[in-house]
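Engineer: Keeping their order, the protein sequence lines are chains A and B. Just so you know, we're using the numbering used here here: the first sequence kicks off at 169 and counts up by one. Just so you know, we're using the numbering used here here: the second sequence kicks off at 29 and counts up by one.
Just so you know, these hints were derived from the structure itself, not from any lab. Note that this is a predicted model, so its numbers are computed, not measured. Backbone N, C-alpha and C fix where the C-beta goes; we use that ideal spot for every residue, glycine too. Worth double-checking, as some hints may not be accurate.
Estimated spans, in silico, between C-beta atoms of each pair [unchecked claim]:
1) Leu372/A <-> Val152/B: 48 to 56 Å
2) Thr408/A <-> Pro72/B: 33 to 41 Å
3) Ile358/A <-> Ile37/B: 51 to 59 Å
4) Asn176/A <-> Leu194/B: 21 to 29 Å
5) Ser263/A <-> Ser238/B: 16 to 24 Å
6) Val310/A <-> His79/B: 32 to 40 Å
7) Leu42/B <-> Glu229/A: 51 to 59 Å
8) Asp83/B <-> Arg453/A: 37 to 45 Å
9) Gly180/A <-> Ile37/B: 50 to 58 Å
10) Ser263/A <-> Val41/B: 17 to 25 Å
11) Leu442/A <-> Gly122/B: 19 to 27 Å
12) Val91/B <-> Thr219/A: 40 to 48 Å
13) Gly406/A <-> Val91/B: 53 to 61 Å
14) Arg172/A <-> Ile275/B: 33 to 41 Å
Listed next, the stretches of chain A that the computed footprint assigns to chain B, with coverage defined by at least 3 CB atoms under 8 Å from CB atoms of chain B [what the hints assert, rightly or not]:
15) 250-259
16) 265-272
17) 276-286
18) 308-321
19) 361-372
20) 390-400
21) 422-430
Some but not every residue of chain A turned toward chain B, in silico, with C-beta under 7 Å [to be verified]:
22) Val185
23) Val189
24) Phe216
Here's the letter readout for the chains.
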Amino acid sequence: MEPRPVDNRAWGLVLPVVLIVSFSAIIPLMTVVNYSVQDILGPTQRVFVGTDWFHDVLKDEDLHGAFWRQLLFSGVVLAVEIPLGLAIALAVPRSGRWVSLCLVLLGIPLLIPWNVVGTIWQIFARADIGLGGYAIAGLMGVDYNYASNPLDAWLTVVVMDVWHWTPLVVLLCYAGLRAIPDAFYQAAAIDGASSWSVFRFIQLPKLRRVLIIAVLLRLMDSFMIYTEPFVLTGGGPGNTTTFLSQYLTRLAVGQFDVGPAAAFSIVYFLIILLLSFVFYTVLTRVGRGGEA
Amino acid sequence: MRARRFFLILYFVLLLLPIYWLVCMSLKTNEEILGAFRLVPDRPTLENFRHIFGDPSWYMTYVNSLEFVLLNTALSVAVALPAAYAFSRYRFIGDKHLFFWLLTNRMSPPAVFLLPFFQFYSAVGLFDTPWAVALAHCLFNVPLAVWILEGFISGVPREIDETAALDGYSFPRFFAFVFVPLIRSGIGVTAFFCFMFSWVELLLARTLTSTATKPIVAAMTRTVSAAGMDWGLLAAAGVLTMIPGTILIWFVRNYIAKGFALGRV
Numbered sequence: 169m170e171p172r173p174v175d176n177r178a179w180g181l182v183l184p185v186v187l188i189v190s191f192s193a194i195i196p197l198m199t200v201v202n203y204s205v206q207d208i209l210g211p212t213q214r215v216f217v218g219t220d221w222f223h224d225v226l227k228d229e230d231l232h233g234a235f236w237r238q239l240l241f242s243g244v245v246l247a248v249e250i251p252l253g254l255a256i257a258l259a260v261p262r263s264g265r266w267v268s269l270c271l272v273l274l275g276i277p278l279l280i281p282w283n284v285v286g287t288i289w290q291i292f293a294r295a296d297i298g299l300g301g302y303a304i305a306g307l308m309g310v311d312y313n314y315a316s317n318p319l320d321a322w323l324t325v326v327v328m329d330v331w332h333w334t335p336l337v338v339l340l341c342y343a344g345l346r347a348i349p350d351a352f353y354q355a356a357a358i359d360g361a362s363s364w365s366v367f368r369f370i371q372l373p374k375l376r377r378v379l380i381i382a383v384l385l386r387l388m389d390s391f392m393i394y395t396e397p398f399v400l401t402g403g404g405p406g407n408t409t410t411f412l413s414q415y416l417t418r419l420a421v422g423q424f425d426v427g428p429a430a431a432f433s434i435v436y437f438l439i440i441l442l443l444s445f446v447f448y449t450v451l452t453r454v455g456r457g458g459e460a
Numbered sequence: 029m030r031a032r033r034f035f036l037i038l039y040f041v042l043l044l045l046p047i048y049w050l051v052c053m054s055l056k057t058n059e060e061i062l063g064a065f066r067l068v069p070d071r072p073t074l075e076n077f078r079h080i081f082g083d084p085s086w087y088m089t090y091v092n093s094l095e096f097v098l099l100n101t102a103l104s105v106a107v108a109l110p111a112a113y114a115f116s117r118y119r120f121i122g123d124k125h126l127f128f129w130l131l132t133n134r135m136s137p138p139a140v141f142l143l144p145f146f147q148f149y150s151a152v153g154l155f156d157t158p159w160a161v162a163l164a165h166c167l168f169n170v171p172l173a174v175w176i177l178e179g180f181i182s183g184v185p186r187e188i189d190e191t192a193a194l195d196g197y198s199f200p201r202f203f204a205f206v207f208v209p210l211i212r213s214g215i216g217v218t219a220f221f222c223f224m225f226s227w228v229e230l231l232l233a234r235t236l237t238s239t240a241t242k243p244i245v246a247a248m249t250r251t252v253s254a255a256g257m258d259w260g261l262l263a264a265a266g267v268l269t270m271i272p273g274t275i276l277i278w279f280v281r282n283y284i285a286k287g288f289a290l291g292r293v
């Protein structure tokens with residue numbers, strides 16, 4: 169394909185986007201930078217404190233805890249959702265009257281407000297009034313309680329996230345699978361290929377691109393998870409399900425520690441920026457190397 | 029083949045069970061919920077729904093939510109369309125950096141922007157108006173819209189633009205009357221995604237509103253009272269939040285997979 173023409177007048181077309189995103193991103197970000205280096209004592213009294221807040225925040229034990237929990241959570245969630253989503257996408261029929269129903273059902277969890285997802289699982293997993301919790305506690309005779317037992321809380325948060333976001337992976341993989349021309353399968357059938365080799369040598373290579381999108385989108389989004397665990401466990405018991413966003417929100421809005429919160433916001437933002445950079449580089453490289 | 033179908037059915041049953049349970053709870057009274065454990069409501073009642081539709085401080089929160097969600101969707105798609113066209117068709121100074129910058133906004137945690145948004149929108153007098161939330165949600169919806177639309181636009185051959193120019197169409201006329209109708213499915217999918225991500229967001233919507241424009245997601249926290257949780261009412265409000273999305277998804281079901289792949293499949 170011939171390269172796109174160079175035309176700097178295209179800036180005129182992107183200007184509205186630049187303006188509106190600047191309005192909602194750059195101006196607030198400036199405020200954050202401003203707060204991160206000052207101690208605000210009153211409406212008119214503020215002291216420049218340099219990088220003190222950064223030192224404080226980076227040495228904070230609670231933050232370290234939240235950070236490692238965040239990494240563990242994102243890792244576990246990815247390890248479950250990607251293979252599961254791929255397996256389900258392979259099982260969804262390629263055509264026929266059930267396809268629409270499957271797609272709509274898959275979309276439902278993605279369209280439920282995140283706090284309602286929390287509410288659904290808050291109710292569902294309770295041992296006294298919830299079907300799920302009742303089934304585990306009553307039938308298997310385990311003392312299951314996500315509000316007081318850290319392991320149960322973790323399990324419930326992970327299962328909730330798998331329930332909530334696996335459909336996204338399924339839809340991505342399904343879109344990728346549908347883009348494979350029938351001729352590939354016919355050729356495989358003539359060669360007498362087993363279904364495993366069809367998967368290994370046709371489907372998996374063709375899915376590389378959507379799988380990368382899936383992994384990276386899930387990585388990003390799981391890194392900013394807030395609402396669902398907030399409703400379900402409130403970060404507890406103790407701090408065992410407090411992830412980065414929750415930690416930050418507590419600091420900024422709960423305790424109103426503006427300085428440390430701003431300093432941590434910047435650190436958090438830089439972590440995300442690094443992840444986004446990796447994401448973007450990988451994606452554009454795949455876009456160039458992969459087939460159209 | 030049979031094992032595959034069994035696996036799929038099992039998955040969908042597990043997917044629907046928690047939702048079934050929420051619907052089930054919404055049809056029960058609190059006495060029944062806290063009383064005996066039953067799989068099906070003993071005496072189904074619409075009392076919880078009647079309560080919500082009879083109380084303006086409840087049902088107006090739905091209207092408030094829809095208001096800022098629709099505002100945000102219209103705004104995001106309108107500004108993203110020309111930008112996506114520019115990214116898809118031209119190279120210009122700083123295009124890659126600009127795209128990356130947009131991307132970082134999609135990836136930035138809303139929690140980072142919580143406090144500055146609150147102070148900024150208070151300072152400019154937009155706090156507790158639908159505009160505050162609609163503009164705040166542009167932070168992640170505009171980049172997403174550009175991204176999805178760019179994928180769809182790149183699927184349209186460039187020859188069409190050239191032919192239209194040869195036929196004497198000016199750019200604005202070509203864009204509005206030839207190009208936009210060509211990618212209407214892409215626009216539909218993008219609008220759907222903007223609607224969805226604005227509808228499901230709680231943190232910003234809750235922080236930037238108080239009484240006048242309180243969204244439904246924030247109103248749901250009210251069901252905790254001194255007497256304990258009002259489970260039935262909470263479940264009913266939850267069920268009602270699932271309806272707009274489920275209706276919308278039916279319309280875009282054939283394109284939704286492509287939309288999730290950011291138009292790039």
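Engineer: Each hint should be assessed against the structure and marked as holding or not.
Structural biologist: Okay, the hints, checked on the actual structure:
1. Leu372/A <-> Val152/B: 48 to 56 Å: Given a distance of about 51 Å, which is inside 48 to 56 Å, the answer is holds.
2. Thr408/A <-> Pro72/B: 33 to 41 Å: holds (38 Å)
3. Ile358/A <-> Ile37/B: 51 to 59 Å: violated (32 Å)
4. Asn176/A <-> Leu194/B: 21 to 29 Å: Since the Cβ atoms of Asn176/A and Leu194/B sit about 23 Å apart, the hinted range of 21 to 29 Å holds.
5. Ser263/A <-> Ser238/B: 16 to 24 Å: Violated, at about 51 Å.
6. Val310/A <-> His79/B: 32 to 40 Å: At 36 Å between Cβs, range holds.
7. Leu42/B <-> Glu229/A: 51 to 59 Å: About 38 Å separates the Cβ atoms of Leu42/B and Glu229/A, which means 51 to 59 Å is violated.
8. Asp83/B <-> Arg453/A: 37 to 45 Å: The hinted range 37 to 45 Å is violated for Asp83/B and Arg453/A, with Cβ atoms some 55 Å apart.
9. Gly180/A <-> Ile37/B: 50 to 58 Å: Holds, since Gly180/A and Ile37/B (Cβ atoms, about 53 Å apart) stay within the stated range.
10. Ser263/A <-> Val41/B: 17 to 25 Å: Given a distance of about 23 Å, which is inside 17 to 25 Å, the answer is holds.
11. Leu442/A <-> Gly122/B: 19 to 27 Å: Holds: the Cβ-Cβ distance is about 21 Å, inside 19 to 27 Å.
12. Val91/B <-> Thr219/A: 40 to 48 Å: holds (47 Å)
13. Gly406/A <-> Val91/B: 53 to 61 Å: violated (40 Å)
14. Arg172/A <-> Ile275/B: 33 to 41 Å: Since the Cβ atoms of Arg172/A and Ile275/B sit about 39 Å apart, the hinted range of 33 to 41 Å holds.
15. 250-259: With 4 residues close enough to chain B, the hint holds.
16. 265-272: With 4 residues closer than 8 Å to chain B, the segment 265-272 of chain A meets the three-residue bar; holds.
17. 276-286: holds (count 9)
18. 308-321: violated (count 0)
19. 361-372: With 0 residues close enough to chain B, the hint is violated.
20. 390-400: With 4 residues closer than 8 Å to chain B, the segment 390-400 of chain A meets the three-residue bar; holds.
21. 422-430: Holds, because 3 residues of the segment 422-430 of chain A bring their Cβ atoms closer than 8 Å to Cβ atoms of chain B.
22. Val185: holds (4 Å)
23. Val189: holds (6 Å)
24. Phe216: violated (19 Å)
Checked against the numbered hints above, the structure breaks hints 3, 5, 7, 8, 13, 18, 19 and 24 and satisfies the rest.
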